[in-house]
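Protein chains: 2
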Amino acid sequence: MSRLEVPSHQVGGHKALNGKLGPLIDDSGRFYKPLQSGDRGSVEVSFYETFSSDTRVPDHIRRFFSKFYGTQPIEASDGSGLQPHLILENVIANYSNPSIMDTKIGSRTWYPQAPDAYIEKCLKKDRTSSSVPLGFRICGLQIYTGHDLGYWKPDKNVTQNYTADEVRLVLRKFVSSNESTELNNDLDTAYASSVYGGDSGILAQLKELKSWFEDQMTYHFYSCSILIVYDKKSLLKDEASGPAIKLVDFAHVVDGGGVIDHNFLGGLCSFINFISEIVAHPNECTAKASLQTKNGEAKMDHN
Amino acid sequence: MSRLEVPSHQVGGHKALNGKLGPLIDDSGRFYKPLQSGDRGSVEVSFYETFSSDTRVPDHIRRFFSKFYGTQPIEASDGSGLQPHLILENVIANYSNPSIMDTKIGSRTWYPQAPDAYIEKCLKKDRTSSSVPLGFRICGLQIYTGHDLGYWKPDKNVTQNYTADEVRLVLRKFVSSNESTELNNDLDTAYASSVYGGDSGILAQLKELKSWFEDQMTYHFYSCSILIVYDKKSLLKDEASGPAIKLVDFAHVVDGGGVIDHNFLGGLCSFINFISEIVAHPNECTAKASLQTKNGEAKMDHN
Chain A
1 MSRLEVPSHQ VGGHKALNGK LGPLIDDSGR FYKPLQSGDR GSVEVSFYET
51 FSSDTRVPDH IRRFFSKFYG TQPIEASDGS GLQPHLILEN VIANYSNPSI
101 MDTKIGSRTW YPQAPDAYIE KCLKKDRTSS SVPLGFRICG LQIYTGHDLG
151 YWKPDKNVTQ NYTADEVRLV LRKFVSSNES TELNNDLDTA YASSVYGGDS
201 GILAQLKELK SWFEDQMTYH FYSCSILIVY DKKSLLKDEA SGPAIKLVDF
251 AHVVDGGGVI DHNFLGGLCS FINFISEIVA HPNECTAKAS LQTKNGEAKM
301 DHN
Chain B
1 MSRLEVPSHQ VGGHKALNGK LGPLIDDSGR FYKPLQSGDR GSVEVSFYET
51 FSSDTRVPDH IRRFFSKFYG TQPIEASDGS GLQPHLILEN VIANYSNPSI
101 MDTKIGSRTW YPQAPDAYIE KCLKKDRTSS SVPLGFRICG LQIYTGHDLG
151 YWKPDKNVTQ NYTADEVRLV LRKFVSSNES TELNNDLDTA YASSVYGGDS
201 GILAQLKELK SWFEDQMTYH FYSCSILIVY DKKSLLKDEA SGPAIKLVDF
251 AHVVDGGGVI DHNFLGGLCS FINFISEIVA HPNECTAKAS LQTKNGEAKM
301 DHN
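Line by line, the protein sequences give chains A and B. Quick note: the first sequence, position 212, residue 212 per the numbering used here, numbers continuous. Quick note: the second sequence, position 103, residue 103 per the numbering used here, numbers continuous.
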C-alpha cells in the first residue's frame, strides 16, 4: 500500500484533520473510510458486501456506486493505531480541480425501525433544514472558481438550510464561470449544458438512477447522499473524466421488504426537477426569493 | 334541488348515519360535503376555488378531480339546520355496484408549517399504519362480491395497517371474482387486465397523474386520497362508466412554493409499483408473508 494522505477535496462527513478520525486516500485511486462506531460501520460494510455481489444490479446503475475492495485494518488518522477501514474507489481521483456537491436525498433521514430518540433527533434536523420542504439538503459543496480564487466552500450550516430559490441559485452557480463569491443573480451558467445537459450529463444520469429506484425493492437508502462531481478544466479539454454522480454513505441502508424506496425516490425527483429547470432554461434565473442568505455568510477557502 | 340522501357507497371519511354530520347526495349526480370545522373547511373550499380556475391544469389531469359547483348552505344530516356544504360531482353516481378503494397517499400526512401537536399526532399514525413503510395507507374499501354476498368491507383499522404482502393480496382481491371473504392466495384476478391494465385502465391513469406530479409545483397534497372505482357488472356489459381514479380530500393542501410534491409523488410511485406487479403477473401471487391478518378480522357487510 502506498503512503496514505488526508484527501484535499472532501466536502461532507468527518474529516481527518488536526488529529481527528477521518478518511484517507492513496495515490492509486483508493479511499480508506474508517468504520463508523456502533451499528453504522457494520451496516455500511454489510451493504457494500451485499450490493457488490448482487447480480440483479445492472452495470449502468453499478457505475453510480464506488467500487468496493473489502475492509482492512490500517493506521487511523487520529493516531489510535490500527482500525478497520472500508477500502473504496476514490471517486474524485481523476479530477484535478473538482467542483463537488454532496446532497443528502430524502425528506426523511430516519428508518422506520429506528429507536424513538434517534427518530426525534433526525426529524428535528429534517424539519429545520431543507429536507422536509425540498426533499433533500445540500450537505457539502465546493465550487472551483479559477486559479487565483481557488474554491468557494459555503458552510454546511448554510447550504443545508437553503430555500428553494437559494438552491436554484447555487445549482446555477455550480455550473457558472463567475468568480464572485456571492450567491446572486449575476451568473452565466456557462457550463450548464456540458455538465447538467446532454446524453451523458448529470440530468441523464439522475434519470437513469430514478428509473432504477422506480423498480428496485431491495434497498432503502436513508441518510444517503448523491455526489455530483466535475472539473471545469477537464470540460474545456474534453477529457475522459466527465461530470458524474456517485451515491455515498450507506450507514443507514435497510432491507426494502418488497417496497420501493419511496422516500429516496421522492427526494430524487425533486432534485431532478431543480436541475431540469436549469437545463431547460439555462439563461433564465427562475429564483423568486430575496437573495440574502438567512443563515450567515458563506465561507471562502483559498488553496 | 332534489331530495338529499345518505350515500350508500361511501368508504372513507365521516358518515351521515344515525344522526351524525356527513355528506349527502341527490339524484342528479351531486355530492354535498359539509365543510369541516376549523381551517379544514376553508382550506378545502379555497383549494377547489383555486384549482377549478387554474388554467395551467390540463384537461387530462382535471378529470381526476371531482367537478366543483361552489358552496351552499343546506340542511345538515345531523339535524343542526342549514350548514355550509361543498357541492361536488358524485364520482360514483354512474356505478350500480361499485367496488371502491380509498388510499391516502404519502408517507407523511402532516404539512411542514403545521403546529407541533398536530405533527406529533399525524406522525404517530403514519408510523403505526402502513404510511411510513409503504408510502400510503388504504383508508376505505368495499369490494362487490356478487348478488348474494353483496360487499366485502374490511374495517379501516385493518386495511390501513396492512403489510406489503397484505396490500398485494387485497389489490388482487379487488379485481378478483372470488366470493370468499378471506384474504388468501386463492384469487383468480379475473378483472386485473380490464381494471388495472390497458390503455385507459387504472395503471395508465395513475401514470398520467404521476407525470403531472413530476412537474407541478403549485399544490402540495397532504392527507389526500386516491379513490379507485369500477363496477364488475359494467365491465361485463362494456358500459361507459369504466374504471376510474379520483383525488379526494383537500383539507390539507398547501402552496407548493416552487417545489414538486415529493411526498405525494413518492407514495404514488410506491402505489403504482404494487399495481404494476399485478398487471405484469396477474396469475402469480408474489406475496411472501404469512396470510394471517395481524390486526383483527375483516368485517363482512351484506346489503
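Don't take every hint at face value.
For chains that are exact copies, the list does not tell them apart, and a pair is met inside one copy or across any two.
[Stated by the list, open to error] Only pairs whose alpha carbons sit at most 25 Å apart, straight line, appear in this in silico SDA-like list of lysine to any residue:
(1) K246 x D116
(2) K210 x I74
(3) K207 x A76
(4) K125 x G258
(5) K20 x D165
(6) K67 x K125
(7) K125 x L247
Rather than coming from a laboratory, the hints here were simulated on the basis of the structure. The structure displayed is predicted, hence computed values, not measured ones.
Status of each hint after checking the structure:
| no. | hint | in the structure |
| --- | --- | --- |
| 1 | K246 x D116 | neither (31 Å within a copy, 36 Å between copies) |
| 2 | K210 x I74 | neither (36 Å within a copy, 48 Å between copies) |
| 3 | K207 x A76 | neither (38 Å within a copy, 50 Å between copies) |
| 4 | K125 x G258 | between (28 Å within a copy, 22 Å between copies) |
| 5 | K20 x D165 | neither (36 Å within a copy, 46 Å between copies) |
| 6 | K67 x K125 | neither (30 Å within a copy, 40 Å between copies) |
| 7 | K125 x L247 | within (21 Å within a copy, 32 Å between copies) |
Violation of the numbered hints given earlier is confined to hints 1, 2, 3, 5 and 6; the remaining hints are satisfied by the structure.
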